[in-house]
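As they're listed, the protein sequences go chains X and Z.
First residue of the first sequence: 1, per the numbering used here; consecutive thereafter.
First residue of the second sequence: 1, per the numbering used here; consecutive thereafter.
These are calculated hints, taken from the structure and not from any lab test.
Fair warning: there could be bad hints in the mix.
Which bits of chain X does chain Z cover? Going by a derived footprint, with three or more residues having C-beta under 8 Å, they are [stated by the list, open to error]:
hint	segment
1	39-45
2	74-81
3	110-124
4	194-203
5	255-264
Note that CB positions come from ideal geometry on N, CA and C, so glycine has one too.
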Amino acid sequence: MTLLSTSARAAAPPPRRARFRLRKEAWAGWGFAGPFVAVFGLVFLAPIGYALYLSLFRDRLIGGTSFVGLDNYTEALTDPRFWDGLTRVGLFLVIQVPVMLGIALLVALAIDSGRLYGASFFRVSVFLPYAVPAVVAGLIWGFMYGTRFGLVGNVNEALGVTLPDPLSPSLVLASIGNIVTWEFVGYNMLIFYSALRIVPRSLYEAAAIDGAGEWRIVRSVKLPAIRGALVIATIFSIIGSFQLFNEPSILQKLAPNAITSDFTPNLYTYSLSFAGRQHNYAATVAIVMGVITAIIAYAVQLRGMRKG
Amino acid sequence: MTTSLTTTAAGDPAGTPRPAPARTSSPTTRADAPRRGRRVPDTPLNPRPSLPLTLVTGLVLVYTLLPLVWLLINATKDQNGLLDSFGLWFADDVGLWDNITRTLAYDDGVFVRWLLNTLLYVAAGAGGATVLAVLGGYALAKYEFPGRKAVFAVVVGAVAVPGTALAVPTFLMFSGMGLTNTPWAVIIPSLISPFGLYLMWVFAAEAVPTELLEAARIDGSGELRTFLTVALPLLMPGTVTVLLFSMVATWNNYFLPLIMIKDPDWYPLTLGLNAWNAQAQTAGGEAVFDLIITGSLLTIVPIVAVFLLLQRYWQSGLAAGSVKE
Chain X
1 MTLLSTSARA AAPPPRRARF RLRKEAWAGW GFAGPFVAVF GLVFLAPIGY
51 ALYLSLFRDR LIGGTSFVGL DNYTEALTDP RFWDGLTRVG LFLVIQVPVM
101 LGIALLVALA IDSGRLYGAS FFRVSVFLPY AVPAVVAGLI WGFMYGTRFG
151 LVGNVNEALG VTLPDPLSPS LVLASIGNIV TWEFVGYNML IFYSALRIVP
201 RSLYEAAAID GAGEWRIVRS VKLPAIRGAL VIATIFSIIG SFQLFNEPSI
251 LQKLAPNAIT SDFTPNLYTY SLSFAGRQHN YAATVAIVMG VITAIIAYAV
301 QLRGMRKG
Chain Z
1 MTTSLTTTAA GDPAGTPRPA PARTSSPTTR ADAPRRGRRV PDTPLNPRPS
51 LPLTLVTGLV LVYTLLPLVW LLINATKDQN GLLDSFGLWF ADDVGLWDNI
101 TRTLAYDDGV FVRWLLNTLL YVAAGAGGAT VLAVLGGYAL AKYEFPGRKA
151 VFAVVVGAVA VPGTALAVPT FLMFSGMGLT NTPWAVIIPS LISPFGLYLM
201 WVFAAEAVPT ELLEAARIDG SGELRTFLTV ALPLLMPGTV TVLLFSMVAT
251 WNNYFLPLIM IKDPDWYPLT LGLNAWNAQA QTAGGEAVFD LIITGSLLTI
301 VPIVAVFLLL QRYWQSGLAA GSVKE
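So that you can see chain Z by itself, here it is in the shape it has in the complex (with noise of 0.2 Å):
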C-alpha cells in the first residue's frame, strides 16, 4: 500500500509495477513534475490520489472480495457450524485444518485424485495450448508463407463459434474414435487456444525485431535455432501470458470434461465439486456441503497463487501484446 502510495505521488498513474509499453513517451514531464518544491498543481497529468474516488472505487472491491472472504470464513466451520452460525462470521469451532484433512480423505481420498487429474490436464493442455500458439503466432508474425492470410481469418473467425456448438459433434467424433473416457478427450480440445494464437502473433509482431533475425541468418543459423536462441527470449511476457490464460481455462474447465468423461477416476476439480453438490439432492446421497466449501477453497487457492506470483509478467505482457488495434 505504502509503496504504491509513494510511486503515484512520484507521478507514475499506473502503481506499481509499471508495463513496459514500446512507447514511453516524455519521460521528463513525468519525472520532474512533482517533488520539485511548492504545491504541484493537481491535474490530469499529476495526479493526486482523492480518497473520495477510492471509497467509491472501494465499493465494487468489496463486492468482488466478499464471497471470497464468506468462502473462506465458511471453510473452518463443520455442517452444524454452516448451519447455526453467521454467514461472515466464524462459528465457535474454528476448524480449517480438520475440514481440510477431511476433504482429502472423504470418500478413499478422491479429492486428490481429482487433483491430481487436474494436474495432469493442466500440464499437457495448457502446455501444449501455448507451444502450439507460441510457434504459431511466431510464424504468421515472421513468416511470409502461402496461407498465412487463410490461417489467421479462419482462426479469428473460429473464436466466435461457440464453444458448445462444437461439444456434440465433438463429442460423437471422439466417442467413435474411442477417446472419450480418456484423459485425452480432456487434453486434445484443450490444445487450441484461439486467443493464445492472437496474442502471440501481435506480441511477436512487436517484440522480435525482423532484422535480429536476419542477422542471425547472416551468420548461418537454422529457422529452429534462431527461433530458440533468439526470438523464444524475446517472446517470454507474451508466453507467460498466454500459459497463465490457458492454464485457468483449462484448470476452471467444466463443460468438455463434463460431456466427455463418465467415470468418476478421470473427473477433474470442478467436476468431482458438482458430483458431491449433486449428491446432496440424490436420495440416499450423503449431503457434505462442508466438505464442498473446503473443497471449494482447496480448488482456487492454486490457481489464484500462480496469479499472484506471476502477475510482474502476465500483466506485462498482456499491456504490450493485447487489443492493440
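One chain only, chain X, in its complex shape (with noise of 0.2 Å):
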C-alpha cells in the first residue's frame, strides 16, 4: 500500500518536490474521499452524536424537556419488555445462525467441490432469495404458513389433519426463522463460495499427494482458508439478528396477538417512538442495542481470529 512505489523512490526525486508531491497526493485523496465522508457524518455520525444527546433528556408531561442523566438507561436496562425482546433474538440467534451458516457453508462447499451436476444452476438458484424483498418475503411465507389458502391449509384439507400453526405464539419465532434463513442462506453461500475460489488449488494438490481424502481436505485446508469469510458472515448474521424488524412486521399484520409490539428491540424502538413518542427513551434502547451489538461481533471477532 506504499503509495511511492519503488521504482519512484529509487529515481530520488529532491526532497522539495516529494514534499509538495506528498501534498498534492493528499489533496486528491480527500477530494477523492471527501464526498463519501461528508455524506457518511450526516447519515452516521451525526446521528448518532444526536441520539446520545437524546438519550440524557427526558420528555413530560408538566414541565417539557429536561435533563435527567443517566435515568433513561437504568430504566432501559431493568425494563421487562426490552428484556423480552434481547431474551427473545438471543434465543432466535443462538438457532437460526448456526443453521443458516451451516447450510450456506455445505452448498458452498458441494459446489466448490465440482461433484455437483449444473452447478452453475445451483450458484444462482439458492442464491435467488436475496434479491427478494424481506416484505415479499414476509408475504409469500405468511401466505404458505396461513391456514386459509396456505399450504398448511391445504395440506390439513386434504390429509385430513390438523398441523400445528406456524403462526401460533408458540410457533411464530420459528417461523420467523425460516424466513430469514430462507432470505439469506444463498447470500452467505456466495461469501463462502467466493472465498474458496480464490484459494490457490496448490494447496489441494499438495494436500492431496500427502494422501488427505476430500474430507480432510475439507476440514484442514478449505476450512482454515476460508476462517476470514467465515467470521464475517457470522458478525454480519449476529447483527442482522439483532436488528430483526422487517420480518416480523411484516408476519404481525397477519398474526397481531403471537407478534406484540416489544417482540423485538427494534420493534419497541419503533413502536415506542412512533405510537408511544417517546422519542428519548427509544434513542436510549436504540443506544443500548447498539453497544450490546457491538461488543458481542467484536467478542466473535477476536475469538474466531485467534483460533489456529
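Using the hints, put the two standalone chains together into the complex.
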C-alpha cells in the first residue's frame, strides 16, 4: 500500500518536490474520499451524536423536556419489555444463525467440490431469494403458513389432519427464523463460495499428494483458508439478528396476537417512538442495543481470529 | 445444464462462468489431466459429478425455489381461486395477464406510481452510493492522505451499528430539516454503503497497479483524468458488484421509508404492498390478496432479472474483491 513505488523512490526526486507531491496526493485523496465522508457524517455520525444527546433528556407531560442524566439508561436496563425482546432475539440468534450458516457452508463446499451436476444453476438458484425484498418474502411465507389459502391449510384439508399453526405464539419465532434463513442462505453461500474460489489450488494438490482425502482437505485446508469469510458472515448474521424488524413487522399483520409490539428490541424502539412518541427513551433503547451488538460482534471477531 | 457438465468434466471444478482470480495456479494440471485416454482417477483434483451429492444439495434448491414457484402459480389466481385451489397447482381459471392489469389499474394505478418512486430511489440512491463508494474506495487504496486510517476505522466500526439505532435520531433530524415525507429522506441515507466502500477499497488495491497510475502522472495526466481514463475501466467488475448490491438494498428497503414517508404518493413498492396487506385487516378495508400476490411477483421480477443478466460481472467482482484477508 506504499504510495511511492520502489521505482519512483529509486529515482530519488529532490526533497522539495517530494513534499509537494505528498501535499498534492493529500489533496487528491481527500478530493476523492471527501464526498463519501461528508454524507457519511450526515447520515451516520450526526444521528449517533444526536441519539446520545436525546438519551440524556426526558419529555414530561408537565414541565417540558428536562435533563435527566443516565436515568433513561437505568430504566432501559431494568425494563422487562426490553429484556423480553432481547432474550427472544438471543434465542433466535443461537439457533437460526448456525443453521443458516451451516447450510450455506455445505452448499458452498458442494458447489466448489466440482461434484455437482449443474453447479452454476445451483449457485444462481440458491442465491435468488436474496434479491427478494423482506416484505415480499414475509408476505409469501406468511400466506403459505396461513390456514386459509396457505400450504398448511391445503395439507390439513387434503390429509384431514391439523398441523400446528406456524403463526401461533409458540411457533411464530421459528417461522420467522425459517423466513430469514430462506432469505440469506444464498447470500452467505456466495460469500463462502467466493472465498473458496481464491484458495490456491496448489494447496489441494499438495494435500492430495500427502494422501489427504476429500473430507480431510475440507477440514484441514479449505475451512482454515476461509476462516475470515466465516467470521465476517457470522458477525453480519449476529448484527442482523439483533436488528430483526422487517419479517416480524410484516407477519404482525397476519398474526397480531402472536407478535407483540415489543417482540424484538427494534419493534419496541419503533413502537415507542412512532406510536408512543417517547423519542428520548426510544433513542436510549436503540443505543443500548447498539452497544450490546457491537460488544458481541467484537467478541466473536476476537475469538474467530485467535483460534489456530 | 449440459454446458456446465462438459466444463466440469474438462476439469474446471467451478462450472461456468469462472471468475478470474488474481492467482491462476497450476493451469497445467487442470487442462491436462482428464480427457487424456483411459480412466482418470476420481480425486479431489479431478472430481467427477456425483448423483447422490447432487440430490442431497438439491433439497436446498427445492427449499429456496419452492416459495418462488408458489408465488408464480398463485399470481395466476383470483381471490376465489386462492381460496378454492391447492396452493401448488393452478386454479381452473388461469389469468396471470388479467391479474397484472388489475394490479396496475387498482386504486387509480397507484402501483405504477409506487414503481416509479422505487425507480427514482434506486437510480438516485443506489447510483449515488456507487459513485461515492468507488471514489472513496479508490482514494483509500491508492492515496496516502492524512486521516486515511481514521476514515477506514470509523466506517468499518459503523457497520456494526444497527441501522435501526440510527433510525429514530435520523428521523428527528430530517424532520427538523423538513425532509421527512419527501424523496430526499429515502435517497440521502441510501447514499452510504459501508460494505460498498469496503469492497471497492479491497478491489481497487488489487485491480489498479500503482505503477500504471505513476506512468499516467509522468505523462502529465491530472489526478481526475488518471482516475477516469486509467483506473475506472479496471474498476468496472467491482463497480458493477457494488451497484447491484446497492440496487437490491434500495429496491428492497422497507424500514427507512416506513419511518420517513407517510404520504402514499411517495411510497416505494415495498411500503405499498405492506399497505395493501394491512388494508385487509382494517374494518371496511377491501381484502386484495390476489393483487398483493401478483404485485409481489411484479416487484421481484425486475431485480431478479437484473441479477441474472449481470451475474457474470458481479460474481467475478465479488470473488476478486470481497472477503480477502
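Each hint, compared with the structure:
no. : hint    : result
1   : 39-45   : holds (count 6)
2   : 74-81   : violated (count 0)
3   : 110-124 : holds (count 15)
4   : 194-203 : holds (count 7)
5   : 255-264 : violated (count 1)
Comparing the model with each numbered hint stated earlier shows that hints 2, 5 do not hold.
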